[in-house]
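Engineer: The primary structure of each chain is shown beneath.
There are 2 protein chains.
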Amino acid sequence: MKKSLGANTLAQPTPVWIIGSYDEAGKPNIMTIAWGGICCSKPPCVTISLRKERHTYAAVMLRKAFTVNIPSQAHAPEADYVGMVSGAKVDKFAATKLTAVRSDLVDAPYVQEFPLVLECRLIETLDLGAHTQFIGEILDVKADESVLAPEGHIDPAKLRPIIYTPGASQYYGLGELVGKAFSLGKGIGE
Amino acid sequence: MKKSLGANTLAQPTPVWIIGSYDEAGKPNIMTIAWGGICCSKPPCVTISLRKERHTYAAVMLRKAFTVNIPSQAHAPEADYVGMVSGAKVDKFAATKLTAVRSDLVDAPYVQEFPLVLECRLIETLDLGAHTQFIGEILDVKADESVLAPEGHIDPAKLRPIIYTPGASQYYGLGELVGKAFSLGKGIGE
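Respectively, the protein sequence lines represent chains A and B. With the numbering used here, letter number 157 in the first sequence gets 145, and the count goes up by one each step, no holes. With the numbering used here, letter number 26 in the second sequence gets 14, and the count goes up by one each step, no holes.
Everything labelled a hint here was simulated from the structure, so no lab data went into it. Careful: at least some of the hints might be erroneous.
Copies of the same chain look alike in the list, so a pair counts if it works inside one copy or between any two.
As the list claims (entries may be wrong) - Straight-line distance between alpha carbons at most 27 angstroms, and here's what the computed DSS-like set of lysine-lysine pairs gives:
| hint | residue 1 | residue 2 |
| --- | --- | --- |
| 1 | Lys15 | Lys77 |
| 2 | Lys(-10) | Lys52 |
| 3 | Lys30 | Lys(-9) |
| 4 | Lys15 | Lys85 |
| 5 | Lys168 | Lys(-9) |
| 6 | Lys52 | Lys77 |
| 7 | Lys77 | Lys30 |
| 8 | Lys146 | Lys168 |
| 9 | Lys168 | Lys30 |
| 10 | Lys30 | Lys52 |
| 11 | Lys(-10) | Lys30 |
| 12 | Lys15 | Lys52 |
| 13 | Lys15 | Lys40 |
| 14 | Lys77 | Lys40 |
This structure is a prediction, so every number in the text was calculated from the model and none was measured.
With these hints in hand, go ahead and build the complete structure from the sequences.
Structural biologist: Laid out in structure tokens, this is it:
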């Protein structure tokens, strides 16, 4: 027997992604989101949701571009901080001592110290209420060599992404390897 | 110096969510997705992306409803299996010995054995290419008592959601508690 918890956003896991943008004045800014995910394989697209009152909202609307920066667990305090203060008031790069780097392909900065970066071109917006969805076509993914497996793919155990859990409002690390996708379930139903 | 990995979907973490629907004939079906996330707080909404050729695509289009079922790590083999076979050919509930329960509020089944369930009413679709985004308003969240903390919220360490990592194509468990959101970063920049 399941207990009803009402209409809310208690899904798990959600990501801890840092959105990079340049504001109207050209100042680089970053903010944290947990409402987002990959939304298309071809073209590769990612969706992020922002509130209209956010400094990043106006910046992405203006520049038609953003980056998704994926921090390692070691940068969880910085990831938390840039979600608590507004880029309208604070230079978050200066406050966190993180480094803004101009993207190669889009008009948005990325975070040098975060090991995985997606450069995104805004292709759709969808106003849903409190949040607006921004859909970005991923034009390039950049990764630090230190998080790559010998085969060339990103090694999750080296990347150590952070996981956010709504309701509990907690950050978690990545746990143990459970198994290989498209393999673990073989044999069921046979 | 970051290495370019090209235009692709190598973001982490992504969820392992099981989408429940009734097909045209009324048969309950489930499939796995990793392309999705929460997309609005008010009204509470979730986005999932499906390929047009999927059996679930036609079902959700027809019924205007779906469930998001969040399995615990113990059910990772079943979660993997229902992503590998088509509901057009296989009764996946029978094959996995999982139990379909009719939702209270929407025209879709949920999985009794999975501890967290979102009942969703389809409110928007957006064709992006290989995938179409389905946005569901979350009308209710249901949880097993066994995954609730004494304070009433969902305890991530009891839920044990599964994390998918594109590229590596691996499933991971939830790791250690890193810290409290809106708290861990306090003191930075002061």
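Engineer: The structure should be examined with respect to each hint, and the outcome stated for every one.
Structural biologist: Structure-based check of each hint:
1. Lys15 x Lys77: within (12 angstroms within a copy, 55 angstroms between copies)
2. Lys(-10) x Lys52: Classified as between; 23 angstroms across copies, 43 angstroms inside a copy.
3. Lys30 x Lys(-9): Answer is between; shortest inter-copy Cα gap is 22 angstroms, intra-copy 39 angstroms.
4. Lys15 x Lys85: For lysine 15 and lysine 85, only the intra-copy Cα distance (15 angstroms) is at most 27 angstroms; the inter-copy one is 56 angstroms.
5. Lys168 x Lys(-9): Cα proximity of lysine 168 and lysine -9: across copies only (25 angstroms, versus 32 angstroms in one copy).
6. Lys52 x Lys77: within (22 angstroms within a copy, 43 angstroms between copies)
7. Lys77 x Lys30: Only across copies: lysine 77 and lysine 30 sit 26 angstroms apart there, 38 angstroms inside one copy, limit 27 angstroms.
8. Lys146 x Lys168: both (17 angstroms within a copy, 23 angstroms between copies)
9. Lys168 x Lys30: within (23 angstroms within a copy, 36 angstroms between copies)
10. Lys30 x Lys52: For lysine 30 and lysine 52, both the intra-copy (20 angstroms) and inter-copy (25 angstroms) Cα distances are at most 27 angstroms.
11. Lys(-10) x Lys30: between (38 angstroms within a copy, 24 angstroms between copies)
12. Lys15 x Lys52: Answer is within: at 15 angstroms inside a copy they meet the 27 angstroms cutoff, but 43 angstroms across does not.
13. Lys15 x Lys40: For lysine 15 and lysine 40, the Cα distance is within 27 angstroms only inside one copy (19 angstroms; across copies 41 angstroms).
14. Lys77 x Lys40: Classified as within; 16 angstroms inside a copy, 45 angstroms across copies.
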